[in-house]
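Colleague: Please put together the full structure from these sequences, using the hints given.
Chain residues, written in single-letter form:
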Amino acid sequence: MRGNSTVLAALNKVLTRKLTAINQYFLHARMFKNWGFSELNSRIYKASIQEMKHADDVIERILLLDGLPNLQELGKLYIGEEPKEMLRLDDKLQSEDIRYIRDAISTCEAEKDFVSRHMLAEILEQQEDHQDWLDTQCSLIDTIGIENYLQRQL
Amino acid sequence: MSNIIKALNGLLAWELTSIDQYTQHSEYYEDWGFSKLYERISHEAEDERGHAKMLIERILLLGGKPDLETRHPLPDADTVPEMLAADLELERKNATELKEAITLCEQAHDFVSRDMLVQILKDTEEDHAYWLRQQLQLISRLGVERYLQAMM
Chain C
9 MRGNSTVLAA LNKVLTRKLT AINQYFLHAR MFKNWGFSEL NSRIYKASIQ
59 EMKHADDVIE RILLLDGLPN LQELGKLYIG EEPKEMLRLD DKLQSEDIRY
109 IRDAISTCEA EKDFVSRHML AEILEQQEDH QDWLDTQCSL IDTIGIENYL
159 QRQL
Chain G
3 MSNIIKALNG LLAWELTSID QYTQHSEYYE DWGFSKLYER ISHEAEDERG
53 HAKMLIERIL LLGGKPDLET RHPLPDADTV PEMLAADLEL ERKNATELKE
103 AITLCEQAHD FVSRDMLVQI LKDTEEDHAY WLRQQLQLIS RLGVERYLQA
153 MM
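Protein chains in written order, with the working numbering: chain C, 9 to 162; chain G, 3 to 154.
FYI, nobody ran anything at the bench for these hints, they're computed from the structure. Note that beta-carbon positions come from the ideal geometry of N, C-alpha and C, so glycine has one too. Please note that a few of the clues may not be correct.
[Said to hold, decoys possible] What follows is a set of in silico ranges between Cβ atoms, one per label pair, in the way DEER data are often shown:
{"id": "1", "chain 1": "C", "residue 1": "80", "chain 2": "G", "residue 2": "32", "range": "54 to 60 Å"}
{"id": "2", "chain 1": "G", "residue 1": "69", "chain 2": "C", "residue 2": "61", "range": "56 to 62 Å"}
{"id": "3", "chain 1": "C", "residue 1": "103", "chain 2": "G", "residue 2": "59", "range": "43 to 49 Å"}
{"id": "4", "chain 1": "C", "residue 1": "111", "chain 2": "G", "residue 2": "124", "range": "47 to 53 Å"}
[As the list claims (entries may be wrong)] Below are the DSS-like pairs computed for lysine-lysine, each with C-alpha atoms no more than 27 Å apart in a straight line:
{"id": "5", "chain 1": "C", "residue 1": "61", "chain 2": "C", "residue 2": "120"}
{"id": "6", "chain 1": "C", "residue 1": "61", "chain 2": "C", "residue 2": "41"}
{"id": "7", "chain 1": "G", "residue 1": "38", "chain 2": "C", "residue 2": "41"}
{"id": "8", "chain 1": "C", "residue 1": "21", "chain 2": "C", "residue 2": "41"}
{"id": "9", "chain 1": "G", "residue 1": "124", "chain 2": "C", "residue 2": "41"}
{"id": "10", "chain 1": "G", "residue 1": "38", "chain 2": "G", "residue 2": "101"}
{"id": "11", "chain 1": "C", "residue 1": "84", "chain 2": "C", "residue 2": "100"}
{"id": "12", "chain 1": "C", "residue 1": "54", "chain 2": "C", "residue 2": "92"}
{"id": "13", "chain 1": "G", "residue 1": "8", "chain 2": "C", "residue 2": "41"}
[Said to hold, decoys possible] Non-contacting residues of chain G with respect to chain C, defined by C-beta distances greater than 12 Å in every case (computed):
{"id": "14", "residue": "8"}
{"id": "15", "residue": "25"}
{"id": "16", "residue": "49"}
{"id": "17", "residue": "55"}
{"id": "18", "residue": "70"}
{"id": "19", "residue": "72"}
{"id": "20", "residue": "110"}
{"id": "21", "residue": "117"}
{"id": "22", "residue": "135"}
{"id": "23", "residue": "149"}
{"id": "24", "residue": "153"}
Modeller: In structure tokens form, the structure reads like this:
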């Protein structure tokens, strides 16, 4: 099934974002693990795996649409040096991703590719959940202080 | 083989010292109410006992006499951070001597002793020393009171 080239371009853009997030989350998770914050490690590790599943969905959809999934492109990784900065940078990445996914959804709607649109909306829902979690962590750090917050992440 | 046996006995002294030190420290932790530290450190003492057993068995197999009397002096540590730092220091000294003994085994073509020592070194590096280093980092990151509260 030949896909619309605008839709394919939008899907590839989302794919690049996903590939970037996989790497950023993975490195952050293991940095948390190295410092002894096993709760953060397991949460962020799962986020990385979730991004990988999203990437898989997007790749399969692009192939179905007879497009070429672009796995060469990788965006800039925002790697923090300490826990607070790392969570904020993940939040930043996640907000940008949400913007890209929303744009891609509008493109799909305009081009009447409702199945791609539906897939992206599902990804967006999980994306928003994770962003909500990140927002909560950042606000917890502000309310209870970074030391008390980190104590709960051992 | 006599220099290998000597090296293995030297390592045995470290393992025996660490059993004592970990047992002592873990009992303090229990007495002070830090049950998570107690669990971890008494488990380390068990690990060290396993290492000591491996060394003793190997020395006997090689026809040597295991020296179970020699020990290194125990540290003078009164607080949790001091105790953790002293434990890390012990692991580091033990690792240095392990590496020397591994080199010696390689030269003497005693590959079975070498393999056993590499296993002990792996436990030392990846489990004991790594965990201790993390704890000391956590103390400086969280402050000692918060760290200890999490260890109850």
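Colleague: Each of the hints needs a verdict: does it hold here or not?
Modeller: To see whether the hints hold, each was checked on the structure:
1. C:80 <-> G:32: 54 to 60 Å: holds (57 Å)
2. G:69 <-> C:61: 56 to 62 Å: holds (57 Å)
3. C:103 <-> G:59: 43 to 49 Å: violated (60 Å)
4. C:111 <-> G:124: 47 to 53 Å: Hint holds: Cβ distance 50 Å, inside 47 to 53 Å.
5. C:61 <-> C:120: holds (24 Å)
6. C:61 <-> C:41: holds (22 Å)
7. G:38 <-> C:41: holds (18 Å)
8. C:21 <-> C:41: Not OK: residue 21 of chain C and residue 41 of chain C at ~31 Å, beyond 27 Å, violated.
9. G:124 <-> C:41: Holds. Residue 124 of chain G to residue 41 of chain C sits at ~19 Å (cutoff 27 Å).
10. G:38 <-> G:101: violated (31 Å)
11. C:84 <-> C:100: Holds: residue 84 of chain C and residue 100 of chain C sit about 12 Å apart, inside 27 Å.
12. C:54 <-> C:92: holds (19 Å)
13. G:8 <-> C:41: Violated, at about 39 Å.
14. 8: Fine: 37 Å to the nearest Cβ keeps residue 8 of chain G off the interface.
15. 25: holds (24 Å)
16. 49: Given that every Cβ of chain C is farther than 12 Å from that of residue 49 of chain G, nearest at about 19 Å, it holds.
17. 55: holds (30 Å)
18. 70: At roughly 35 Å from the nearest Cβ of chain C, residue 70 of chain G sits farther out than 12 Å, so the non-interface label holds.
19. 72: Holds, because the least Cβ-Cβ distance between residue 72 of chain G and chain C comes to about 34 Å, which exceeds 12 Å.
20. 110: holds (37 Å)
21. 117: Fine: 28 Å to the nearest Cβ keeps residue 117 of chain G off the interface.
22. 135: Answer for residue 135 of chain G: violated, closest chain C Cβ roughly 9 Å.
23. 149: violated (7 Å)
24. 153: violated (9 Å)
Checked against the numbered hints given earlier, this structure breaks hints 3, 8, 10, 13, 22, 23, 24; the rest are met.
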